[in-house]
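Participant: The residues making up each chain are set out below.
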Amino acid sequence: MSVNVFLIVAVGVLFGTGVYLLMERSLTRVLLGFVLVGNGVNLLILHMGGPAGEAPIIAEGVAASEMNDPLPQALILTAIVITFGVTAFILAMIYRSWRLAHGDLVVDDVDDRRVASGAGSPEEADEEMEAQPADTEFEGLR
Amino acid sequence: MTPADAVAILGPLPVVLPLLGAGLTLTMTGRAAAQRLVSITVLTVVLAVAVVLLLLVDQTGAQSVVIGGWRPPLGIVLVVDRLSALLLVTSATVALGVLVYAVGQGMTDGEDSETPVSIFHPTYLILIAGVANAFLTGDLFNLYVGFEILLTASYVLLTLGGTEARLRAGVTYVIVSLVSSVLFLSAIGLVYGATGTVNLAQLAERLDTLPADTRLVLHVALLLGFGIKAAVVPLAFWLPDSYPTAPAPVTAVFAGLLTKIGVYAIIRTETLLFPGEELTNVLLVAALLTLTVAILGAIVQSDLKRVLSYTLVSHIGYMMFGIALGSVAGLAAAIFYAVHHITIQTTLFLASGLVERRGGSTSSRRLGGLAHLAPLLGVLYFVPAMNLAGIPPLSGFVGKLGLFRAGVAEGGWLVYTVVAAGALTSLLTLYAVARIWNVAFWRSPLEAENPEPVLLDPSPKGVMPPTMVAATAAMVTVGVLLAVAAGPLWSLCTRATEDLVDRNAYIRTVLQ
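Line by line, the protein sequences give chains A and B.
Counting with our numbering, you get residues 1 to 142 for the letters of the first sequence.
Counting with our numbering, you get residues 1 to 512 for the letters of the second sequence.
FYI, nobody ran anything at the bench for these hints, they're computed from the structure.
Note that CB positions come from ideal geometry on N, CA and C, so glycine has one too.
Any given hint might turn out to be false.
What the hints assert, rightly or not - Here chain B is said to cover these stretches of chain A; the calculated rule only asks that three of the stretch's residues, wherever they fall, bring their Cβ under 8 Å from a Cβ of chain B: (1) 38-49; (2) 55-63; (3) 71-82.
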């Protein structure tokens with residue numbers, strides 16, 4: 001089996017960056033890490049199919065030995081679909097947890113801040129909450 | 001019609017029927033009665049098909065079903081042998097029992113306000129389709145697809161309702177499962193690169209010809225992926241965090257089925273793909289750690305569901321021990337133990353769901369007097385709890401005795417250590433479940449800390465629907481019947497193991 005160094009390095013980089021992101025607390029980064037590792041695995045499977053070749057369609061003048069191995073590509077296709085579905089699910093989880101965490105913060109923190117500040121009104125605390133940037137870089141669910 | 005023809009027709013049904021049922025129930029959104037009817041019918045038919053398959057292959061030996069018209073090793077095959085048929089029967093029984101329980105709880109209809117309506121039935125059926133696919137497949141990549149089907153369904157079931165506690169538990173579960181799937185998929189890529197096939201039978205032939213170091217890498221890569229799914233210590237710490245927050249029926253079916261599919265995959269790996277002793281000691285140490293570490297977790301917990309989650313992990317160690325031995329006696333005992341454990345662990349989680357409804361909590365600190373308040377519930381908890389701990393003459397005792405005998409026959413200091421750890425684990429399991437019994441069932445309800453109002457109400461209305469109690473009682477009965485039928489079941493497990501050990505029969509069946 002011939003070795004394509006570029007592909008192997010790409011697999012390594014995808015795995016390395018992906019695993020790094022998987023370690024994060026933020027679910028969004030975990031998702032990005034999962035997508036990177038998933039693509040790394042797909043490249044790995046592609047590489048395991050051997051060197052590139054002709055399209056695997058039986059035709060005049062194309063020997064079987066010159067064809068690409070179609071099976072890894074079928075496997076990758078399945079893996080891509082699965083990754084796609086799971087990504088959609090995790091996005092839904094991120095959205096849900098963002099809404100929950102945000103919602104809970106409003107309820108809990110209003111009381112907390114009123115107690116802390118002694119005289120502040122709930123509306124004031126609400127405004128303070130809304131002033132915070134509503135990005136998805138919240139710290140996971142904890 | 002010959003048995004082979006019958007298997008060819010019936011073999012795909014346990015996968016196809018739940019998928020069709022899932023599609024059908026999805027179109028019935030909002031019509032709870034119709035959904036109930038479809039899913040209970042589908043699972044009853046799947047159970048009947050599984051029983052017929054078991055009877056057929058018990059006569060004829062393993063049968064392969066070519067689906068999609070491509071001959072193996074090119075196309076995907078389903079292989080029905082005694083092991084897969086036996087586990088399929090057990091899983092279908094458990095799935096049906098849990099479904100009836102869930103219907104009784106009303107969670108499937110949205111009557112239980114914390115769970116949403118119509119997605120339970122379709123998701124549950126897809127889970128069962130994935131389980132059946134994983135048991136029946138004769139193709140490594142199709143095994144991955146089966147895992148993904150059941151895992152994706154399990155993500156939805158675990159986060160049902162999307163409350164904060166369930167999402168937090170779900171995040172741990174989803175990410176750990178994703179990592180295990182990625183490991184498994186990479187292992188499949190490496191296996192394909194080394195052998196050029198993903199058909200299990202052809203892999204069995206080709207892996208033998210590889211250099212020992214390549215074999216070892218592939219072996220370890222596959223075991224890592226399966227070990228996370230089977231919850232083998234040190235890969236098991238996600239489980240007690242993620243299972244207890246789900247609704248009781250969901251936890252019950254997960255506890256029964258999901259980890260055991262990992263165990264099944266490990267059995268196939270160790271018997272069909274990598275027979276031999278290259279990792280025997282590693283597996284024995286893993287079994288030792290799983291047994292002891294997890295049971296120590298169980299004895300310090302006070303919440304019933306968390307205790308049960310830890311005993312679930314701990315008892316995976318018994319199966320790993322049988323697999324590690326690799327002898328016919330050891331593997332047969334492991335299979336027997338898997339059948340026992342699927343049934344009993346599910347039953348206990350169902351009982352804990354009833355405890356939660358009767359006592360308002362599963363934390364033993366907040367419970368008391370349940371044996372007096374709900375005597376039937378006491379029986380429904382006590383019998384499977386004693387079964388789990390291995391009190392004779394119940395099936396847990398039979399399984400553990402078989403494992404210990406197989407271990408003693410094998411000999412060696414490490415094996416004796418695991419046998420001793422297994423006996424200790426059995427005692428500590430008894431301690432853990434008896435402690436819950438003493439506190440939650442025996443003491444006066446007035447001693448409970450901060451009890452829920454429902455616990456102090458001598459006869460609350462509607463907290464234990466008859467359907468739920470009946471489903472739990474039926475599962476308890478199945479658990480007792482395992483002990484009654486232990487002789488025939490044991491010889492069936494032995495025959496299943498003989499199939500596994502003689503892997504040439506499997507290879508011939510698939511490749512011809």
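Participant: Next, verify each hint and record whether it holds.
Facilitator: Verification of the supplied hints:
1. 38-49: It holds, with 7 qualifying residues against the three required.
2. 55-63: With 0 residues close enough to chain B, the hint is violated.
3. 71-82: With 6 residues close enough to chain B, the hint holds.
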